[in-house]
Structure formats: structure tokens, C-alpha cells
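Participant: Next come the chains, spelled out residue by residue.
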Amino acid sequence: MAKIKGLKCRECGRPYPAEPLHVCEFCFGPLEVEYDYATLQKIVTRKRIEAGPCGMTPLIRARNLADALGAKEVYIKNDAVCHPTLSFKDRVVAVAVTKAMEFGFTVVACASTGNLANSVAAHAAEARLKSFIFIPADLEQGKIVGTLIYDPVLVAVDGNYDEVNRLCSEVADKYGWAFVNINIRPYYAEGSKSFGYEIVEQLGWRTPRHIVVPAAGGSLVTKIWKGLKEFHGLGLIPDCATRMHVAQAAGSSPIVTAIRNRSETIRPVRPNTICKSLAIGNPADGYYAYKAVEESRGSAADPSDDEIIAGMALLAATEGVFTETAGGVTVAAAKRLLEDGVIPRDESVVLSITGNGLKTQEVVGGVLKPPLSIKPTLKSFDAVIAERPDLGADVVSRASNTRRG
Amino acid sequence: MSVLVRIPTPLRTLTNGQAEVHAEGSSIRELIENLEGRYKGLKERLCEGKDIRRFINVYVNEEDIRFLQGTATPLKPGDRVSIVPAIAGGK
Numbered sequence: 001m002a003k004i005k006g007l008k009c010r011e012c013g014r015p016y017p018a019e020p021l022h023v024c025e026f027c028f029g030p031l032e033v034e035y036d037y038a039t040l041q042k043i044v045t046r047k048r049i050e051a052g053p054c055g056m057t058p059l060i061r062a063r064n065l066a067d068a069l070g071a072k073e074v075y076i077k078n079d080a081v082c083h084p085t086l087s088f089k090d091r092v093v094a095v096a097v098t099k100a101m102e103f104g105f106t107v108v109a110c111a112s113t114g115n116l117a118n119s120v121a122a123h124a125a126e127a128r129l130k131s132f133i134f135i136p137a138d139l140e141q142g143k144i145v146g147t148l149i150y151d152p153v154l155v156a157v158d159g160n161y162d163e164v165n166r167l168c169s170e171v172a173d174k175y176g177w178a179f180v181n182i183n184i185r186p187y188y189a190e191g192s193k194s195f196g197y198e199i200v201e202q203l204g205w206r207t208p209r210h211i212v213v214p215a216a217g218g219s220l221v222t223k224i225w226k227g228l229k230e231f232h233g234l235g236l237i238p239d240c241a242t243r244m245h246v247a248q249a250a251g252s253s254p255i256v257t258a259i260r261n262r263s264e265t266i267r268p269v270r271p272n273t274i275c276k277s278l279a280i281g282n283p284a285d286g287y288y289a290y291k292a293v294e295e296s297r298g299s300a301a302d303p304s305d306d307e308i309i310a311g312m313a314l315l316a317a318t319e320g321v322f323t324e325t326a327g328g329v330t331v332a333a334a335k336r337l338l339e340d341g342v343i344p345r346d347e348s349v350v351l352s353i354t355g356n357g358l359k360t361q362e363v364v365g366g367v368l369k370p371p372l373s374i375k376p377t378l379k380s381f382d383a384v385i386a387e388r389p390d391l392g393a394d395v396v397s398r399a400s401n402t403r404r405g
Numbered sequence: 406m407s408v409l410v411r412i413p414t415p416l417r418t419l420t421n422g423q424a425e426v427h428a429e430g431s432s433i434r435e436l437i438e439n440l441e442g443r444y445k446g447l448k449e450r451l452c453e454g455k456d457i458r459r460f461i462n463v464y465v466n467e468e469d470i471r472f473l474q475g476t477a478t479p480l481k482p483g484d485r486v487s488i489v490p491a492i493a494g495g496k
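These protein sequence lines map, in sequence, to chains A and B. Per this note's numbering, the very first residue in the first sequence carries number 1; after that it's consecutive. Per this note's numbering, the very first residue in the second sequence carries number 406; after that it's consecutive.
Treat the hints as calculated values from the structure; they're not laboratory data.
Okay, derived cross-link-like pairs now, SDA-like style, lysine to any residue, Cα gap no bigger than 20 Å in a straight line:
id: 1; chain 1: A; residue 1: K174; chain 2: B; residue 2: E425
id: 2; chain 1: A; residue 1: K291; chain 2: B; residue 2: R458
id: 3; chain 1: A; residue 1: K3; chain 2: A; residue 2: K226
id: 4; chain 1: A; residue 1: K174; chain 2: B; residue 2: N421
id: 5; chain 1: A; residue 1: K375; chain 2: A; residue 2: E387
Please construct the entire structure, taking both the sequences and the accompanying hints into account.
Facilitator: Right, here's the structure in full:
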């Protein structure tokens, strides 16, 4: 039973076949998968979804973080442990590589700020496809090593992401490969919806009042919102009153600026932030991210680099979750929105943690407390402890230890 | 004054399949008018009213014209203009 009717231009509505196409030939609008919702309504049920077989990333009730933020009900959707490459990009690439194989491609490719590079290289290795990965040359080492280990052709471009992206548009045009975020983009982007689907299922088939989402190109927030509306349309949830909030780094915030100015026109910027995974100055889906926020009556915030690092540290200290810079952006943005009263403190909030801190260690390495350096003797340890009463290392007997167990 | 214009795949049906064409104009606005004279229908595909369509990026020598003077961006002989679909990449 066909569940996809084909592709359709989001702007002018022109229909296209379900092929590796991504822009409307007439108006250059993005093509999107068009589903047969009447058919889906007959076969998609809560019970069927709950039966799997797909696993999920954790949705954590973040009580410590909620206390720190002065909020009542905070959740972490933790894609820092996404399989296999520790970011939400594994969701979109799973769909994209599957479609690339269906279409008969033997080479997959992407333009990436790092996480996508990891994921495309890994999925290509598993699928026995050749991969060409294009990245800005100044990416974090963890993301470069985390790509090279899968043995792709990694092309480090002397330019920023927007320049890499533009180059890839022309490469895709010439070489005919399956660029997951270019000519396979209509399918790739649909993978992000599963982030929202899982939140709803994990909350017991209800939507949170707020979701804070990091944005670079703007696709994730757009697709989470689409996913929630689909669940509502299919009768899986009674309402869809979630407000979507966009988080960007202050040094690269064209979408936040547009939302703040209530302007549909996204003005490109030249990114300057430690948050390289969100450093896209010319967001492809910026307009649709704006519309998702507008439609859901959401908002936006763009914390500074210092706030981003503080956000990473706060999440680690309160919930034991080490996120990358994009997660720091999300936490810091949520903090601001709560402080400003944009998100009421008594309403449920889900923070989208989309990547793992092990990939961006450089940004926090210099601000963390150094380890205590000692000789391998008790005397040496005792001496350090004696010098540092601030460490609170009082000797306690087991009997008096209130945390025995 | 001739500049080289890189044409994306969706517009090549209007340029007889050519990926690059030569056209003239002292600004992007004039260039588009000149392209329309040579390849009828191309302006409608590039523009919505007076503006470049939302999902098209235009570059002069690798620089996005939105960082320059938009459609008033001046051109000089030997410039390269690229027309690139905007929908690609990103999170």
C-alpha cells in the first residue's frame, strides 16, 4: 500500500515524482514528501508504534536542571547518545542513505559542520557505499577524527560552511552523487520528525507545552513541528499546543534575528561563534523555521559564547549529560526564555540536546578545573588535601557516612 | 560588457542545456534583463516581482549579492555570476 504520493513544492504546490529531486524547477522552492494521510490513518496506531522495532534516545525528566533553572517540569531529549555517531544526524542520515540505496546510488555525499559528516561516513561504511564528505577545514578535531575513522573521502574546504554548502550544490549538479542534504534532502529532512514523534510517545502520548530546538539551517525545528502536527492529524494525540522556540548562538543567529524583528526575510550573516555545528549564516530552511515559530506562537533566543559554555557546564553538573556546543546553546536559550518569562516556569519544557560533548572538547578544555597532580603515595594525596580545604575531602568513617549503600 | 553566468540544472531547459552562458549588464538587475532577452522566460523563473526569488542565491565572484548591493550590485567585464538554488545543507 503506497504511503507516499510523491514530492510537492512547498511554495507553488507543483507535484513531482518521488525521485532524487530537491528544488522546484519553476520557483526553486523546496520539494517535500507528500504522504497519503488517508492510508496512513488506517494503519498507524499508538499500539503499532509502541510495538517498535525502532529504539529511541532517552527522554530524561531533568529535576536537577529544573531546580537550577527555577522551572517545574523540564525534560532532556538526549540525542547525544544517538546511534551510531552520537548526534541527531543519525536520524536523518538513516532515512537519506536508505533512500539513496533505493535509488541505486553508489556514492553518498554531504556538506557538513561535523555531525552530519560523522553520520554519513558511518552509515556509508555500513551500507558499503563510497562517501565524499565536505567540511570547513577549521572543524573540531573530534568531528574530523570521528569522520576519518570510517574511511570516507574527507574534503576539508578552506572556507566557512556556507561556502562549503554552495560548492556542494555545484558538485552535486555536476557529479550526480546522492548528496544527502541536497538532492536527497526531501527524504533526509523527514528523518528529523522522529525526534518529535519520540517525545510525544515518551511523554505518554501528550505534547509538551514548549520545545527548545537549536537551529543552524532551520530544518530540525521545522520538522519537529511538522511531526507533531502529523500525529495530531492522524488522531494519535488530542491536541498540538506546543510552542516551538529556536536557539542559535549570538554569533550566528539569522533566524533568531528574523523572529525578533517579525520579518519573514532571513538576512544572511557571517558566523562568528565557538558553536561550529550551528555556524550557518545562510540557513536553507530559515524561512520555514520562522513560520514554525510563528504558527506555534513560539519565540527565540541567541545566547553568547560564554553563556553557551555555561549551558554545557550546567547540563553536565545537574544531569550528568555532556553535550556539545549546540546543546549548550539550547540550555542557555531556555535559561534566558525562562528568566524573561517567555516560557512560564510552571509549564513543561523539552530541551533538544542534539549532540555529544566529546566531539567539541576544545571549547571547554580551557575553562574546566585542572586535575590534582600527585605522586602515587598516600602522603602526596594527604598533602594536597591539606592544602585544599575547599575540596571538602573530610575523612569519614563508613558508619557515619550518610550516603552508605 | 560580458560576464559569465553559471546556470543551475532547473534553468538549463531555457539555455539549450548550457551550464554556462555569457550575458551583459552593468548590474545584476541589467544582467537579468539581458538574460531574459537571450533566453525568454528566465526572468520569471529568477524573480518574483522586482526581487530575486526567496529560494535562489546569486553570487558575484563567490560573494552572495545580499552581502553586496543586492540586484544593484555592479558588474565588470570578466566577472563570474553563479545562480544557485538555496535549498541545501544545514541542521
